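Asker: Chain by chain, the residues run as shown.
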Amino acid sequence: MKCRTLVAVALGSVCGFALWASIYSPQVSAQTNESPKPVYNPYPKGILPPDLNSEIARVLREVDLVESRAITRWHNLKPPILTGQPPVLKNTGTEATETLGELMMFDKHISPDKNQACASCHMPYAGFSGPIPSVNLTMIAYPGTVHFRAGKRTAQRHTYSPFFPVLQYNQEDNLFFGGNFWDSRSTGYLLRSPDAQQAQGPPVDTQEMGFPDTACVAFRLAHAVYRPLFEEIWGKGSLDINFPSETEQICATPGGAAVFKGNTTPVPLSPSDRTLANTAYDHWGQSIASYQQSVQVSAFSSKFDAFLVGKYTMTADELAGFKLFNGKGNCNSCHVDGRGTNLTQGQIDTSNTAQVNPLFTCFGSANEGVPLNPRDAFYYQDKPDPYGFTPNPYGFGYVDLGLGGFLRSGFGSAPNPNASWRKLAPTVDGQMQVATARNAALAPTQCSTTEAPGPYFQKEFFHNGYMKSLKQLVHFYNTRDKYAYPVLSGHCPAGTTEKVDCWPVPEVPNNVDMTTGNLGLTDEEENQIVKFLETLSDGFTRPYRNRDTFTGACMKGGSAATQGNEFLIPTPPLPPCASAICGVAPVPNPPIRPPLSE
Amino acid sequence: MNRVILLLAISVLSGSLLAQESPRTKKAPHVRIIQGPKIELARQNLTIIRWTTNNPGGDPVHYGIVHYGTSPGKLLETAQSPIRLDPDHASAVFRVRLDNLKTRTTYYYRVDSIEASGERDGLTSGLSHFSTP
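Listed in order, the protein sequences are those of chains A and B. Under the working numbering, the residue at position 159 of the first sequence is numbered 159, and the numbers go up by one with no gaps. When you read off a place in the second sequence, starting at 1, and then add 1000, the result is the number in the working numbering.
Quick caveat, the hints were computed from the structure, so don't treat them as lab data. Note that the structure is a prediction, hence the values are computed from the model and not measured. Careful, some of the hints might be misleading.
Here are a few chain A residues that face chain B, going by a calculated C-beta distance under 8 Å [as the list claims (entries may be wrong)]:
#1 Asn-174
#2 Asp-481
#3 Val-512
#4 Asp-513
#5 Pro-575
Think of the CB as a built atom: it goes at the ideal place given N, C-alpha and C, for glycine as much as any other residue.
If we strip away everything but chain B, and leave its shape as in the complex, we get:
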């Protein structure tokens, strides 16, 4: 049988796609905190810690990480939340959700950030603390 080959737009376009997946930008040589970290929200069930850095570049998805615990020397718990970088923005806002904290408790924490690959951005952050309501 004579096979009809059609030049369908679908095959053309899915082959040479208008590359539109999240644009990747160059990794910044140094990533540092410009603002924060501070407590954006502290409710019974949800605490949000927020800080701003220069745009770290690299993977479009980054994770903000909070290492925390009830004693300053033992930050054994970790929480992390994803964000998506905007390549056109000079800075990036990291925000991390901490669920299920104990009420009326003081927590100590340090923040960090990684690329989706797991590679660290190389932040240095001091020890901070907050108390839940």
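Okay, chain A solo, but in the shape it has when bound:
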């Protein structure tokens, strides 16, 4: 295995050069700076990045900084006036609610160990996706409150996610659209906002913030410094819940722990207190959704937005990329921008389908045929942790069926609230949500690109982080089928280079979308599409709030085409798909994972 040392530019307070430690150097040490907690480490050597502890600590410092800025803003905010019938929080009601949502998202107390906020996995300078370059490069999933349980997919950018409609099956078009999460499992069926429902997931996700009971959120909110703001918006008394004395201890114990014996409401509350706690949890979700939809997060402040109103002239490359995006690249079929394809330089779009604020998604889903990423930390968590919880008992027998997994209420997803959809599962196996192309390229101020040679900020793309640069992502759309080899990642034949002229087989071979895969784009045309994607990053017409908070190291050197290739590892021989996943009716058709002979 190649083991290259990357030179990184250390920025933030310190200037100069620092060394990016090789991933194959010492294993992450077990200690944390607080009380010694038992550490869960089922990972073979080299899966966890060596700087994991220090990087988690760095992000927590940044999270605290943003929280303190939000507290200042709250204190300077003129209180809204409750008036009218029905009553409305007049004047500053919107800003107060958005600020409350921000205070919640950057509050690390919303986790048993008080060591993880939403923003631990979603920082502004990464377009609200994963903030740790070494995690993006290696284990791809983010560690949760319990070190080191980790999830299974990349921390999705959540800019513009409040604009996704409630998940529905469109009878006219015969397809699903809407929902949040890669597999759309946050449907929004009750709150009528997938994004608000989404915010109710992480606090009780065993591999994320990890509370054992949703009431723990109300419990911590009752002790939060911003409790007065919560009560101002959602009503006096909304947090007056009689929590029994053992609540502190229950809420300090992570979900999934054997002591709970599968009980999801271990905090003993009277029915009326339980209702109060549930209502507070809805308000938690709604407040966060209002922040995520605010102009601070979903800003519509990109070059492209300026271009649409004639306030930015695209460069020749950007414009060429825009045309390719809509034309030869076919991207516009899914990342809908509602625009015609015949623009010339400086011309303003007048096509009749044009929309004011295109979101670059159709809210639908597709299986892009992304290869299995053997670095995904999820595959290795097949042993019980110190609390007796096993995140993934199936190891590499786990297959990510995406939307199909959700429709079956499958392992690793969530219960499907609409039984009539279940029969459609085989038609959507492997499908992931069409992410908005906006802010895919957003990076911190100091290293404002995602592309080597940089100085760049290492992101990860697609649901399993297999792509490490946008160049690779576009090259994949362009050549997935042209360079298709019957191999798994890490096993490309001699004489080929993975991600350059060798693409491994799709993880889920069913329903692979064929709109792209052999587009016939030249190298230069690929680069132009990347340039166009970069015009979709917020922060051009006005600064993007808190984009300046990154204090980690930028990276430098190499080429975008092979960015991160030194961290490829050979996929082990794969067991058949676990019957708890592929044996759930209606089963995938054709069956998935008759193992490849290597």
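Place chain B on chain A using the hints.
Answerer: Leaving out everything else, chain B in the frame of chain A:
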């Protein structure tokens, strides 16, 4: 208790959403093949058959279908792959993956296409053949 009703942007926007799901276009009266079908790729594990039609319109997702078999009179196997139409494009490229074919074998095939609803676009395609490596 006096219930505070907030005019949150979320409720407003998820109610009257900027309609942005895949735009639907009118169904074309006749769908015909402009180019192909031809073999785009023939490898041991994967064959791709490709053809181009005028934009069929209708459901945003269409499936290209290949009926195939080793004898010209018996096209008993079927493979299908989805594509998404671009409403602004005059034509649509259909591409279908065939996995797990036998090596060094001649296959006969005909192509077809359907909307996501299952309704046929009404293609007529002749019989073609190819051999795997």
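Asker: Does Asp-513 (chain A) pass the interface check with chain B, least Cβ-Cβ distance below 8 Å?
Answerer: With Cβ-Cβ at 6 Å, under 8 Å, it holds.
Asker: Double-check Asp-481 (chain A) for me: the hint is only fine if its C-beta lies closer than 8 Å to a C-beta in chain B.
Answerer: This hint holds: Asp-481 (chain A) lies near chain B, its Cβ roughly 6 Å from the closest one there, short of 8 Å.
Asker: Just to be careful: measuring from the Cβ of Asn-174 (chain A) to every Cβ in chain B, is the smallest value less than 8 Å?
Answerer: This hint holds: Asn-174 (chain A) lies near chain B, its Cβ roughly 4 Å from the closest one there, short of 8 Å.
Asker: Next item in the hint list is Pro-575 (chain A). Is there a CB on chain B closer than 8 Å to its CB?
Answerer: Violated, because the Cβ-Cβ distance from Pro-575 (chain A) to chain B comes to roughly 20 Å (cut-off 8 Å).
Asker: So, Val-512 (chain A) near chain B? Judge it on the closest CB pair being under 8 Å.
Answerer: With a minimum Cβ separation of about 6 Å from chain B (threshold 8 Å), the hint on Val-512 (chain A) holds.
Hint 5 from the earlier list is the only one contradicted by this structure; the remaining hints agree with it.
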